[in-house]
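What follows is the residue order along each chain.
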Amino acid sequence: MLTAFDILLIGLALVIMVWGLSRRWSAWRMGQEENRSGDWAGLFTYIMGHKKILKNRNPGIAHLIVFWGFMIPLLIIIMAQFNFTIPPIPAQILSLLTDILGIALLAGTIFFLVRRVRSTRQGGPKKAIFSLFILLLVLITGFFAEGTRLSIVHPKFIWESPFGWLLSIGLPASPIFMQLMIRIHFFAVLFFIAALPFTVIRHLAAAPLNVFYRRKNPRGELKGIALDEGPIGANTIKDLSWKQLLDAEACVSCGRCDDNCPASISGKPLSPQKVIQDILEQMESLARNSVKTIDSTIPPLESRITTDEIWSCTTCMACVEHCPVFIEPMDKIIDMRRYQIMGKGLLPAEAKAMIRNLEIYGDVHGKGIAHRGDWALNLDVPPIADEGLNPEILLWVGCSGTFHPRYQEVSRAMVHILRTARVRFALLGKDELCCGDPARRLGEESLFLKLAQKNIHRLIEYHVKKIVTLCPHCFNTLKNEYPHIRGDSRSGEKVSIEVVHATEYVMNLIEKKRIVPTYPIGKRVAIHDPCYLGRVNHVYEPPREIIKSLPEIQLKELKRHHENGFCCGGGGGRMWLHEHLGRRINLIRAEEVSETEVDLLGTACPYCLMMLDDGIKALEKEKPPKVLDIVEMVASSIG
Amino acid sequence: MRIIVCVKQICYVYARTGMDPEQNFLAPEDKIYRVNPYDEVAVELALKVKELHGAGEVIILTLGTIIAETELRRCLAMGADHLYWIDRGDKMDPWHKSGFLARAVKDIGADLVLCGKESLDTQNGQVGAFMAHHLGVPFVSAITELTIDEDSPSARVRRSAGRGLREVIECPLPAVFSVDLGFHELRLPTYKNKKKALSMPIQKLSYREEITVPKTISINIFTPRPRSKRVPAPDSRLAAYDRIEQLLTGSRIEKKGMVLSGDPESQAEGIISFLREHGFLEERLG
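Chains as they are written, first to last, in the numbering used here: chain A, 4 to 642; chain G, 3 to 288.
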């Protein structure tokens, strides 16, 4: 039973905890406004199932055990402090449950402690050792107290406290020892509670909150910025939204983002975890001096996060995919890029030409819209402007499909497939501009909006119902980002246009038997998942289904596939930046491809195609696999 | 330090995809309206000088119908302070252009005038030199680097003299320099500046008085004989043979003349009278 002094101490610990939490609350609350709604159902299933945490299997299971081993006994012990009686049988079952879960918690805690101590990673993980140690102290003293109590009261075996009884054999029946253990246990618990906001344990509060407010709209959609109001990109942490700061608050430095980030793996200076931790540190230091800090003296994010880090990101979203608590390091990097390019006019020199080409010519290669139709010369492909065409689909070729000599072949293959399937299709031709993805991922939001508005106007003008895109980047932009952009002033109406990727559409054609792959093209095929098709838009199966439908073929998976798929290194505007830091990402991927013995490598993205083709050739293997677009494979298989 | 940068708006043709021979097979989308790339570099050079000295003004001066307003405003957004425009829509040769520009420079007042080495469309490369002549100041062409000594005042420029030669020239100010591409990384305008540039005024200068041409006077203009026919660009959809045929018929030179007959004396008479008729021989009286 608790004395008045104990209750005072508990009160004190709770007050410290609440005070600490409220300080932290106000720290991340100082961000910019952002409209986010909570999601109770999502939070409930997330906590119950631990699905995202379990992706990393062993620590995931340990976390699940520790979580339940912590929560249920906690509730039972709190209940036990109050004066009421329950029938003996349920009480004994509860006691047994507490005992078993307590042991599980002990095991889990030791697992984590060993993991933390043995961890070679710098920074974050070591900080958790202290909290784990306190938890361990709580557990051990708890079990010792229980054991001594049992050895005093019940010398015989009781089934409701098996482990307590086991301990009681070796422990003295000394009331003083029991009292000592109980006091240490009690103080350790109080310390644990009071220290909650100041140690890693605060993820008990921050992580569920972050899960609660996680994004509902498609992952591929970048948060737009109101260019004429509010800050342009992120210079200081005050320019980030409260949700972005909450992201930093929820980070426990588990390092799964780093383990999957192509930039980190290839030895570039970028580490998503460091970005988040740097933001957290700046947030903490600002919260400490919040009274005396005026806005102009807030240190810029750049003082911790260098531009090399910012420009290293390929926006492949591996960090977003693998974060167990839905932190999105990528959108902070994009916001910092926005500040660099729109706020300061800074951009690596090599990419300036591309931005200028987009401004003047409306495409990344600087060839001009007059040449948009050149790839389809003698193919007699109708532009959508032709009268009485009434096409089923609009084929969105994209800059690469239009201008890049290698990817033009894929465009022609697609035309061949559509002709064979007798699909009525059309092209935008000279009315097509770049979708704006390279500009947006590099941070040039205003240029993206300009291009997007022109494109949207055209799509509405021609009453397009369905778009098939060749490039996953165009696919993502048209599908997820265009619906949220106001078209230009001439078109106030709201239209919904179905956007599918070429692989989805071709799979549909094969399923409906409108085309029949007949000729074998190779024996063993592997698939490289383009980030913007797979991880971002969850189109994993159509490419695989297509491959399986080809005759005499065997589908192999690469070392990293599906949501673990490795970036080719070309996304996020990296196609136009030099890769002078660390190893080349496409070489790393090419090595993985050559480890898997295949004749053909199928992909579905112009960047992946070029990067991997280059990478595989650079390895100078004796029998290099041929890199093809899946559309090309189908086209040559139907003859 | 007031620097005037003369910027030319050009219509740059990068493709030929039209169907109409009368338009030389040019479609509207084959042209882009932009400012001359050399002039953009000149703006960049001027801005660098302004940044280095911490004070000063960069003034953009343009001439002729406004065809590339967005690009002119982009130059403003790069960091220029004013945009002056000489409102003359008529076609001019470099002498007249430089005359008007020189007048504007005198009116605005500047310590230094920069312009592009040449324009991408006509590629005469004369305006800068003529302007220096009109203003009576020194001229250096095709400079790639520029440092200003404000005390003397003078400028030290590096110019590419062709075949890999570099020249470093020191030159008193005011002066006119024409700028070559060099290795300058052109700045991107920030969003704030872009927005500001949208609302900046285009200050109009009107000069009604014509430029006098003191040195060379054209008394008569002779059109070539036989008159050249207008040759449309060959239609690329035709077969090669037809295209060559088309070209040949278009530019065939038809000789006009007469063949004299008779004995040598009468033939000589005929030639002499022909020459007299056309004023090649003068009749000597007495």
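Watch out, some of these pointers could steer you wrong.
[Unchecked claim] 25 Å max Cα-Cα, derived DSS-like pairs, lysine-lysine:
1. A:Lys-453 / G:Lys-196
2. A:Lys-559 / A:Lys-457
3. G:Lys-206 / A:Lys-55
4. A:Lys-347 / G:Lys-108
5. G:Lys-206 / A:Lys-370
6. G:Lys-52 / A:Lys-457
7. A:Lys-469 / A:Lys-526
8. G:Lys-196 / A:Lys-457
9. G:Lys-50 / A:Lys-457
10. A:Lys-453 / G:Lys-197
11. A:Lys-241 / G:Lys-196
12. A:Lys-468 / A:Lys-457
13. G:Lys-33 / A:Lys-453
14. A:Lys-226 / A:Lys-457
15. G:Lys-197 / A:Lys-457
16. A:Lys-226 / A:Lys-347
17. G:Lys-93 / A:Lys-347
18. A:Lys-468 / A:Lys-526
19. A:Lys-54 / A:Lys-562
20. G:Lys-194 / A:Lys-355
21. A:Lys-551 / A:Lys-516
22. A:Lys-226 / G:Lys-196
23. A:Lys-453 / G:Lys-52
24. A:Lys-559 / A:Lys-526
25. G:Lys-196 / G:Lys-206
26. G:Lys-206 / G:Lys-93
27. G:Lys-206 / A:Lys-347
28. A:Lys-347 / G:Lys-50
29. A:Lys-370 / A:Lys-433
30. A:Lys-433 / G:Lys-50
31. G:Lys-33 / A:Lys-355
32. A:Lys-468 / A:Lys-55
33. G:Lys-194 / G:Lys-52
34. G:Lys-93 / A:Lys-457
35. A:Lys-347 / G:Lys-33
36. A:Lys-241 / G:Lys-194
37. A:Lys-629 / A:Lys-559
38. A:Lys-355 / G:Lys-206
39. A:Lys-562 / A:Lys-526
40. G:Lys-93 / A:Lys-355
In short, the hints are calculated from the structure, not lab data. Predicted model, so just to flag it, every value in this text is computed and none were measured.
Handout entry: Distance restraint between A:Lys-629 and A:Lys-559, which requires alpha-carbon spacing of 25 Å or less
Key = Status holds; Cα separation ~14 Å.
Exercise for the section: Could you grab the alpha-carbon distance between G:Lys-33 and A:Lys-453 and see if it respects the 25 Å cut-off? Expected result: Within the cut-off at roughly 20 Å; holds.
Handout entry: 25 Å Cα cutoff - pair G:Lys-93, A:Lys-347
Key = violated, 40 Å
Handout entry: Distance restraint between A:Lys-468 and A:Lys-526, which requires alpha-carbon spacing of 25 Å or less
Key = violated, 38 Å
Practice task
Assess, step by step, whether the Cα of G:Lys-52 is no farther than 25 Å from the Cα of A:Lys-457, and give holds or violated.
Solution key: violated, 37 Å
Problem - Pairwise hint evaluation, G:Lys-50 against A:Lys-347, where the allowed Cα distance is 25 Å at most - result: Holds, at about 16 Å.
Handout entry: Pair hint G:Lys-194 and G:Lys-52, alpha-carbon separation not exceeding 25 Å
Key = This hinted pair holds, its Cα atoms lying about 19 Å apart.
Practice task
Could you grab the alpha-carbon distance between A:Lys-226 and A:Lys-457 and see if it respects the 25 Å cut-off?
Solution key: Holds, because 20 Å separates the two Cα atoms, which is no more than 25 Å.
Handout entry: Satisfaction of hint between G:Lys-197 and A:Lys-453, Cα-Cα up to 25 Å
Key = Measuring from Cα to Cα gives roughly 14 Å; hence the hint holds.
Exercise for the section: Would you mind confirming whether the straight-line C-alpha gap from G:Lys-197 to A:Lys-457 stays at or under 25 Å? Expected result: Distance of about 19 Å is within 25 Å: holds.
Handout entry: Holds or violated: G:Lys-206 to A:Lys-370, with C-alpha atoms at most 25 Å apart
Key = violated, 35 Å
Practice task
Given the hint that A:Lys-347 pairs with G:Lys-108, test it: the Cα-Cα distance must not exceed 25 Å.
Solution key: violated, 35 Å
Checked against the numbered hints above, the structure breaks hints 2, 3, 4, 5, 6, 7, 9, 17, 18, 23, 27, 30, 32, 34, 35, 38 and 40 and satisfies the rest.
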